[in-house]
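**Q** Use the sequences and the hints to build the structure in full.
Residue numbers (this note's numbering), protein chains in the order written: chain A, 55 to 509; chain B, 55 to 509.
Be aware that a few hints might be false.
Calculated cross-link-like contacts (lysine to any residue; reagent style SDA-like; alpha-carbon spacing at most 20 Å) [said to hold, decoys possible]: (1) B/Lys-248 with B/Ala-273; (2) A/Lys-60 with B/Lys-179; (3) B/Lys-179 with A/Lys-455; (4) A/Lys-485 with B/Pro-223; (5) A/Lys-455 with A/Leu-489.
The following label-pair restraints were derived from C-beta to C-beta distances [stated by the list, open to error]: (6) A/Glu-243 with B/Asp-64: 43 to 53 Å; (7) B/Asp-64 with A/Glu-412: 36 to 46 Å; (8) A/Glu-209 with B/Thr-356: 49 to 59 Å; (9) A/Glu-123 with B/Asp-277: 53 to 63 Å; (10) B/Thr-356 with A/Pro-102: 55 to 65 Å; (11) B/Asp-64 with A/Thr-115: 54 to 64 Å; (12) A/Ala-302 with B/Arg-67: 13 to 23 Å; (13) B/Asp-64 with A/Gln-335: 28 to 38 Å; (14) A/Gly-207 with B/Val-506: 31 to 41 Å; (15) A/Asp-492 with B/Arg-185: 20 to 30 Å; (16) A/Pro-150 with B/Ser-460: 52 to 62 Å; (17) B/Asn-242 with A/Gly-207: 29 to 39 Å; (18) B/Arg-67 with A/Gly-207: 29 to 39 Å.
Which chain B residues stay away from chain A? Per the calculated CB distances, all over 12 Å, these [unchecked claim]: (19) Ser-56; (20) Ala-252; (21) Leu-500.
These are computed hints drawn from the structure, not numbers from a lab.
By construction, the Cβ of each residue, glycine as well, lies at the ideal position given by its N, Cα and C atoms.
Protein chains: 2
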Amino acid sequence: MSDTVKYLLDESRIPKYWYNLAADLPVPAPPVLHPGTMQPVGPDDLAPLFPMELIMQEVATDREIPIPEPVRDVYKQWRPAPLFRARRLEKVLQTPAKIYYKYEGVSPAGSHKPNTAVPQAFYNKQAGVKRLVTETGAGQWGSSLAFAGALFGLEVKVFMVRVSYNQKPYRRALMETYGASCTPSPSNETQAGKAILAQRADHPGSLGIAISEAVEIAAQRDDTKYALGSVLNHVLLHQTVVGQEAMAQMDMAGDYPDVIVGCTGGGSNFAGIVFPFLGAQLRGGKKVRIVAVEPAACPSLTRGQYAYDFGDTAHLTPLTKMHTLGSTFTPPGFHAGGLRYHGMAPLVSHIKQLGLIEAVAYHQTTCFDAGVLFARAEGILPAPEANHAVKGAIEEALKCKAEGKSRTILFNLCGHGHFDMQAYIDYFGGKLQDLDYDESELAMALAGLPSVKAA
Amino acid sequence: MSDTVKYLLDESRIPKYWYNLAADLPVPAPPVLHPGTMQPVGPDDLAPLFPMELIMQEVATDREIPIPEPVRDVYKQWRPAPLFRARRLEKVLQTPAKIYYKYEGVSPAGSHKPNTAVPQAFYNKQAGVKRLVTETGAGQWGSSLAFAGALFGLEVKVFMVRVSYNQKPYRRALMETYGASCTPSPSNETQAGKAILAQRADHPGSLGIAISEAVEIAAQRDDTKYALGSVLNHVLLHQTVVGQEAMAQMDMAGDYPDVIVGCTGGGSNFAGIVFPFLGAQLRGGKKVRIVAVEPAACPSLTRGQYAYDFGDTAHLTPLTKMHTLGSTFTPPGFHAGGLRYHGMAPLVSHIKQLGLIEAVAYHQTTCFDAGVLFARAEGILPAPEANHAVKGAIEEALKCKAEGKSRTILFNLCGHGHFDMQAYIDYFGGKLQDLDYDESELAMALAGLPSVKAA
Numbered sequence: 055m056s057d058t059v060k061y062l063l064d065e066s067r068i069p070k071y072w073y074n075l076a077a078d079l080p081v082p083a084p085p086v087l088h089p090g091t092m093q094p095v096g097p098d099d100l101a102p103l104f105p106m107e108l109i110m111q112e113v114a115t116d117r118e119i120p121i122p123e124p125v126r127d128v129y130k131q132w133r134p135a136p137l138f139r140a141r142r143l144e145k146v147l148q149t150p151a152k153i154y155y156k157y158e159g160v161s162p163a164g165s166h167k168p169n170t171a172v173p174q175a176f177y178n179k180q181a182g183v184k185r186l187v188t189e190t191g192a193g194q195w196g197s198s199l200a201f202a203g204a205l206f207g208l209e210v211k212v213f214m215v216r217v218s219y220n221q222k223p224y225r226r227a228l229m230e231t232y233g234a235s236c237t238p239s240p241s242n243e244t245q246a247g248k249a250i251l252a253q254r255a256d257h258p259g260s261l262g263i264a265i266s267e268a269v270e271i272a273a274q275r276d277d278t279k280y281a282l283g284s285v286l287n288h289v290l291l292h293q294t295v296v297g298q299e300a301m302a303q304m305d306m307a308g309d310y311p312d313v314i315v316g317c318t319g320g321g322s323n324f325a326g327i328v329f330p331f332l333g334a335q336l337r338g339g340k341k342v343r344i345v346a347v348e349p350a351a352c353p354s355l356t357r358g359q360y361a362y363d364f365g366d367t368a369h370l371t372p373l374t375k376m377h378t379l380g381s382t383f384t385p386p387g388f389h390a391g392g393l394r395y396h397g398m399a400p401l402v403s404h405i406k407q408l409g410l411i412e413a414v415a416y417h418q419t420t421c422f423d424a425g426v427l428f429a430r431a432e433g434i435l436p437a438p439e440a441n442h443a444v445k446g447a448i449e450e451a452l453k454c455k456a457e458g459k460s461r462t463i464l465f466n467l468c469g470h471g472h473f474d475m476q477a478y479i480d481y482f483g484g485k486l487q488d489l490d491y492d493e494s495e496l497a498m499a500l501a502g503l504p505s506v507k508a509a
Numbered sequence: 055m056s057d058t059v060k061y062l063l064d065e066s067r068i069p070k071y072w073y074n075l076a077a078d079l080p081v082p083a084p085p086v087l088h089p090g091t092m093q094p095v096g097p098d099d100l101a102p103l104f105p106m107e108l109i110m111q112e113v114a115t116d117r118e119i120p121i122p123e124p125v126r127d128v129y130k131q132w133r134p135a136p137l138f139r140a141r142r143l144e145k146v147l148q149t150p151a152k153i154y155y156k157y158e159g160v161s162p163a164g165s166h167k168p169n170t171a172v173p174q175a176f177y178n179k180q181a182g183v184k185r186l187v188t189e190t191g192a193g194q195w196g197s198s199l200a201f202a203g204a205l206f207g208l209e210v211k212v213f214m215v216r217v218s219y220n221q222k223p224y225r226r227a228l229m230e231t232y233g234a235s236c237t238p239s240p241s242n243e244t245q246a247g248k249a250i251l252a253q254r255a256d257h258p259g260s261l262g263i264a265i266s267e268a269v270e271i272a273a274q275r276d277d278t279k280y281a282l283g284s285v286l287n288h289v290l291l292h293q294t295v296v297g298q299e300a301m302a303q304m305d306m307a308g309d310y311p312d313v314i315v316g317c318t319g320g321g322s323n324f325a326g327i328v329f330p331f332l333g334a335q336l337r338g339g340k341k342v343r344i345v346a347v348e349p350a351a352c353p354s355l356t357r358g359q360y361a362y363d364f365g366d367t368a369h370l371t372p373l374t375k376m377h378t379l380g381s382t383f384t385p386p387g388f389h390a391g392g393l394r395y396h397g398m399a400p401l402v403s404h405i406k407q408l409g410l411i412e413a414v415a416y417h418q419t420t421c422f423d424a425g426v427l428f429a430r431a432e433g434i435l436p437a438p439e440a441n442h443a444v445k446g447a448i449e450e451a452l453k454c455k456a457e458g459k460s461r462t463i464l465f466n467l468c469g470h471g472h473f474d475m476q477a478y479i480d481y482f483g484g485k486l487q488d489l490d491y492d493e494s495e496l497a498m499a500l501a502g503l504p505s506v507k508a509a
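**A** Here it is as structure tokens:
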């Protein structure tokens, strides 16, 4: 058998619709609440921030949502993305397990994020919007929206979490090359940013703060909307092209996963690969173990509360029921900036609550150990976020080895690490620390959760 | 018509042989000379540096050289590489030209270089070699050999030109992640390096010096061989998978190039896309205009002499007849480090001398202008080297516009710029200068060319 095993679909196999998990849930997810009234929001409440097509997708219950042709056309640049069998990694691990990975780093921005950036730019352009404002952590999302904005002729403004802005100047340069502007957050351009800086002038920032800044700017002008790279239902929806393709590719391989592994920050790459398989299971298909891997320094699924909370720090967003560390929680500055979010996608939280998925947390050095092992075996350098999924998959493969059992493991390699080499430099230089969050800060943030009467 | 037009071949269409231009040349290329005797070298003379399979490829005259299955197996990870029609770029330029580009940035190391790194590692492994030593400029080659070494279980040591070593710490980190070691050149590890440092302690290095260091180390031990990323016949041979695939993809498009454009440093990516088309022309096929684009700061084809010269600065290598700026010439530290070589592949020089190709030189800022325009239109960020090819292709397209004629332009987008973002930061910061070489240094280097009696 060949060492390189790649399953490639032709262009006609790019999904024609996004898969909507809401159609197959045994219990619907709790409603989203208005931050003023604490009552369920309606579409009009969200209209200042999003175009109506995306709002309707946010609340849709149809199983299949058609992908517009202009979006499929841009997807063609890199989709269908390849699925690999990790034969060389299996040999290195001496495991009887079969390991497959879906590789989303083939997109021009280097991760799964363009899967949603492109439709978001498309729907906004269609609605006459001139400018999109967003936040970014590690910069994967910001550069993806910058890419999509360039293709559809939209101005893009990105608030980048300051610690990442300083760690990753190359990501910023990529956004600027695509024509976007990039501002470190917290900034003095917004009330939300000024309030934070007044408390602490050298604040490292967080996704929660950057979201507040972006939402504040977007709400000021009619021609300007907000875009979010994870968490929301419509974002997770767009990512289901990943899992749909993976299902077809596993079928080509004549195999089906026993375990699916993904890393979770806001939840979108995880949902992308998991939801189509989970939907099949909920409709009576084969049961699959599903493992979410999160950073020990920002462990919303394993240490957070399942409660209503704000998506941002300044409390400008609606409230959603999710696993949260509290909206005032600021995670330490570890390298997987894309996973530094206090909350979790409501849909991912909901299926965790329903017992349909498991979650596990790892520290960053053990994830980098896994990533370097993977790079040397498979030749692809994972992003720090993706290293969490690699670690999770390797653990599952080693369990198979210990038990002397073969299982089929599928994981989502959601992006490459080309813009994250400082993290690898720190790793090889022995400077990468296993950062932990501050227990008392977490307790305080959780104590500050908004009190919401059962909806 | 769709804006994204991608021509993708399935795995079975990865070429089964490399195409050898030597079989179709109207006049054979001049022989390679031994540095001691100035007589043509035989295979045994090269045996300390290369395994015999590669030496035989260096002198082969068969048109087709079979690609070993283990090499094709690794190629499968990213090959066949896509060919795109640049519809969005055509619209931005408002040109009647049709622009196609072959994209080699899809390889794990991000450029065309793994096309030869993989067979070189394979043949060395097969010959019982334990360790490969090489040089690298921008790091594209070094990281590619590091990648190939990791897959075949070979130790890899890279001498990296000091100016690039300092400019591109992320490339170095990539090599180290793949398990290679990376030393800035000139170094104190070799006699060649020490001699240079004795003259100038802060010497920025050059490919010619780094080659001397690598060759010196490789010649010391039987289990250690040398590997070169460009220039030599066997390296150019391996790159012909690019052009062979492009021919099949142009056929899918129902089109054929009127003009082919590639950037030239050592000549390998250029040869890769050009040779199969040129071979077809020499066998009676359609005539194609072929344009080599080089940096104005290191213009071997447009300002060098066609003469016998050494490949390295310390004169450890054989002499080849090529377009050269003189082996002591040190180009200024512009950003396309992969193009900072004093010489040119003998085969590329030979076809230039035969009038089969044209050459043009551009300064770096105009190439970055072209690269940014391309990135915003097509969504892919080119490497600084590739920006030269983009510039050349855009110039051809603008000529079509001025003449009101449609022509079919094909260029090789040989790599992405993910590890070269400092160059883009400098460009946007207005710090990128149009460096020129020192005229008197060039005159001196050319005056120092070895005197060789007509072979």
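**Q** Now tell me, hint by hint, if it's right for this structure.
**A** Against the structure, the hints come out as follows:
no., hint, in the structure
1, B/Lys-248 with B/Ala-273, "holds (17 Å)"
2, A/Lys-60 with B/Lys-179, "violated (24 Å)"
3, B/Lys-179 with A/Lys-455, "violated (30 Å)"
4, A/Lys-485 with B/Pro-223, "holds (16 Å)"
5, A/Lys-455 with A/Leu-489, "violated (30 Å)"
6, A/Glu-243 with B/Asp-64: 43 to 53 Å, "holds (50 Å)"
7, B/Asp-64 with A/Glu-412: 36 to 46 Å, "holds (37 Å)"
8, A/Glu-209 with B/Thr-356: 49 to 59 Å, "violated (41 Å)"
9, A/Glu-123 with B/Asp-277: 53 to 63 Å, "holds (58 Å)"
10, B/Thr-356 with A/Pro-102: 55 to 65 Å, "holds (58 Å)"
11, B/Asp-64 with A/Thr-115: 54 to 64 Å, "violated (38 Å)"
12, A/Ala-302 with B/Arg-67: 13 to 23 Å, "holds (21 Å)"
13, B/Asp-64 with A/Gln-335: 28 to 38 Å, "holds (31 Å)"
14, A/Gly-207 with B/Val-506: 31 to 41 Å, "violated (58 Å)"
15, A/Asp-492 with B/Arg-185: 20 to 30 Å, "violated (48 Å)"
16, A/Pro-150 with B/Ser-460: 52 to 62 Å, "holds (58 Å)"
17, B/Asn-242 with A/Gly-207: 29 to 39 Å, "violated (54 Å)"
18, B/Arg-67 with A/Gly-207: 29 to 39 Å, "holds (36 Å)"
19, Ser-56, "violated (5 Å)"
20, Ala-252, "holds (31 Å)"
21, Leu-500, "holds (38 Å)"
Hint compliance for this structure: hints 2, 3, 5, 8, 11, 14, 15, 17, 19 are not met, and every other hint is.
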